[in-house]
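**Q** Residue strings, one per chain:
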Amino acid sequence: ILNVEQSPQSLHVQEGDSTNFTCSFPSSNFYALHWYRWETAKSPEALFVMTLNGDEKKKGRISATLNTKEGYSYLYIKGSQPEDSATYLCAFSRGFQKLVFGTGTRLLVSP
Amino acid sequence: EAGVAQSPRYKIIEKRQSVAFWCNPISGHATLYWYQQILGQGPKLLIQFQNNGVVDDSQLPKDRFSAERLKGVDSTLKIQPAKLEDSAVYLCASSSAIQGRAEAFFGQGTRLTVV
Numbered sequence: 050i051l052n053v054e055q056s057p058q059s060l061h062v063q064e065g066d067s068t069n070f071t072c073s074f075p076s077s078n079f080y081a082l083h084w085y086r087w088e089t090a091k092s093p094e095a096l097f098v099m100t101l102n103g104d105e106k107k108k109g110r111i112s113a114t115l116n117t118k119e120g121y122s123y124l125y126i127k128g129s130q131p132e133d134s135a136t137y138l139c140a141f142s143r144g145f146q147k148l149v150f151g152t153g154t155r156l157l158v159s160p
Numbered sequence: 047e048a049g050v051a052q053s054p055r056y057k058i059i060e061k062r063q064s065v066a067f068w069c070n071p072i073s074g075h076a077t078l079y080w081y082q083q084i085l086g087q088g089p090k091l092l093i094q095f096q097n098n099g100v101v102d103d104s105q106l107p108k109d110r111f112s113a114e115r116l117k118g119v120d121s122t123l124k125i126q127p128a129k130l131e132d133s134a135v136y137l138c139a140s141s142s143a144i145q146g147r148a149e150a151f152f153g154q155g156t157r158l159t160v161v
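If you read the protein sequences in the order shown, they are chains A and B.
For the first sequence, my numbering gives the first residue as 50, with consecutive numbering after it.
For the second sequence, my numbering gives the first residue as 47, with consecutive numbering after it.
Simulated from the structure, these hints should not be mistaken for laboratory data.
None of the hints are false.
Straight line, CA to CA, 35 Å or less: simulated DSBU-like cross-link-like pairs of lysine-lysine:
{"#": "1", "chain 1": "B", "residue 1": "Lys90", "chain 2": "A", "residue 2": "Lys91"}
{"#": "2", "chain 1": "B", "residue 1": "Lys117", "chain 2": "A", "residue 2": "Lys91"}
{"#": "3", "chain 1": "A", "residue 1": "Lys118", "chain 2": "A", "residue 2": "Lys91"}
{"#": "4", "chain 1": "A", "residue 1": "Lys91", "chain 2": "B", "residue 2": "Lys129"}
{"#": "5", "chain 1": "B", "residue 1": "Lys90", "chain 2": "A", "residue 2": "Lys108"}
{"#": "6", "chain 1": "B", "residue 1": "Lys61", "chain 2": "B", "residue 2": "Lys117"}
{"#": "7", "chain 1": "B", "residue 1": "Lys124", "chain 2": "B", "residue 2": "Lys90"}
{"#": "8", "chain 1": "B", "residue 1": "Lys108", "chain 2": "A", "residue 2": "Lys91"}
{"#": "9", "chain 1": "A", "residue 1": "Lys127", "chain 2": "B", "residue 2": "Lys90"}
{"#": "10", "chain 1": "B", "residue 1": "Lys90", "chain 2": "A", "residue 2": "Lys118"}
{"#": "11", "chain 1": "B", "residue 1": "Lys90", "chain 2": "B", "residue 2": "Lys129"}
{"#": "12", "chain 1": "B", "residue 1": "Lys90", "chain 2": "A", "residue 2": "Lys107"}
{"#": "13", "chain 1": "B", "residue 1": "Lys108", "chain 2": "B", "residue 2": "Lys124"}
{"#": "14", "chain 1": "B", "residue 1": "Lys90", "chain 2": "A", "residue 2": "Lys106"}
{"#": "15", "chain 1": "B", "residue 1": "Lys129", "chain 2": "B", "residue 2": "Lys57"}
{"#": "16", "chain 1": "A", "residue 1": "Lys91", "chain 2": "B", "residue 2": "Lys57"}
{"#": "17", "chain 1": "A", "residue 1": "Lys91", "chain 2": "B", "residue 2": "Lys124"}
{"#": "18", "chain 1": "B", "residue 1": "Lys61", "chain 2": "A", "residue 2": "Lys91"}
{"#": "19", "chain 1": "B", "residue 1": "Lys129", "chain 2": "B", "residue 2": "Lys108"}
{"#": "20", "chain 1": "A", "residue 1": "Lys107", "chain 2": "A", "residue 2": "Lys91"}
{"#": "21", "chain 1": "B", "residue 1": "Lys108", "chain 2": "B", "residue 2": "Lys61"}
As the structure is a prediction and not an experimental result, all values here were calculated from the model.
From just these sequences and the hints, can you work out the full model?
**A** Spelled out as C-alpha cells, the structure:
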C-alpha cells in the first residue's frame, strides 16, 4: 500500500504571512507528484504536476519544489491571503496506476 | 470547456437502501476516476477506468459497490446496500492520460449521508 503523508494537518496564519507544507511519498518508482487546492463547496483544482527531481514550479504567490530521491515535495505560499484558505492535497503516481492522495493540509488565513 | 459534471450534489438515505451517483467527464478524457473522501481523510481511489475498461478497482468494496462506464463516457457508481460508514463525499475526476502525468479534473462531488 502506497503511503503519502502530508504535514501539518492544519495551519492557521495571518494575512501576509508566508507558509509552507510538506508532502512525503515513496522514493522508489516515482512517476509524478500532483498538488491540488480544494476550497470549500468547490471542486479540487490542480496547482502543479511535477515529474523531474529538482523541479520547481510557480503560479503567482504559490510555488512548489520536488525531491524524488528523498521522497518529498514542499508547497510554499508567499504573503498568504484569505482567499488562499483551502485544503491542499498532494497525490503520488507510479505511472499506469492510480493517483494516491495524502490526507491534506487545511489552511486558514485570517484577515 | 465544460467541466466534470456530477449529480446529485447531496443525498441522504437510510442504511440498507441503495443509491447511485452519475458522472459526465470532460469530453475526450479517456481516464475516469471515482474517489471516496471520508471526513478527515484524503480521497481514496475506488475505481479507475480507461475508456470503458477497468484499470484499478482494488479498493472497491465489491460486495456492495459497483461502477460502470457506458461507451467510455458517462459513469455511474452504485452502492447497494449502503452502510453508515459509506457516508462520505464521492468525487469523480477525469484525465486525458492514464499514465498519471496529466492533471485530473474533478467534479464538485456528491455528499452522501447514510442514517
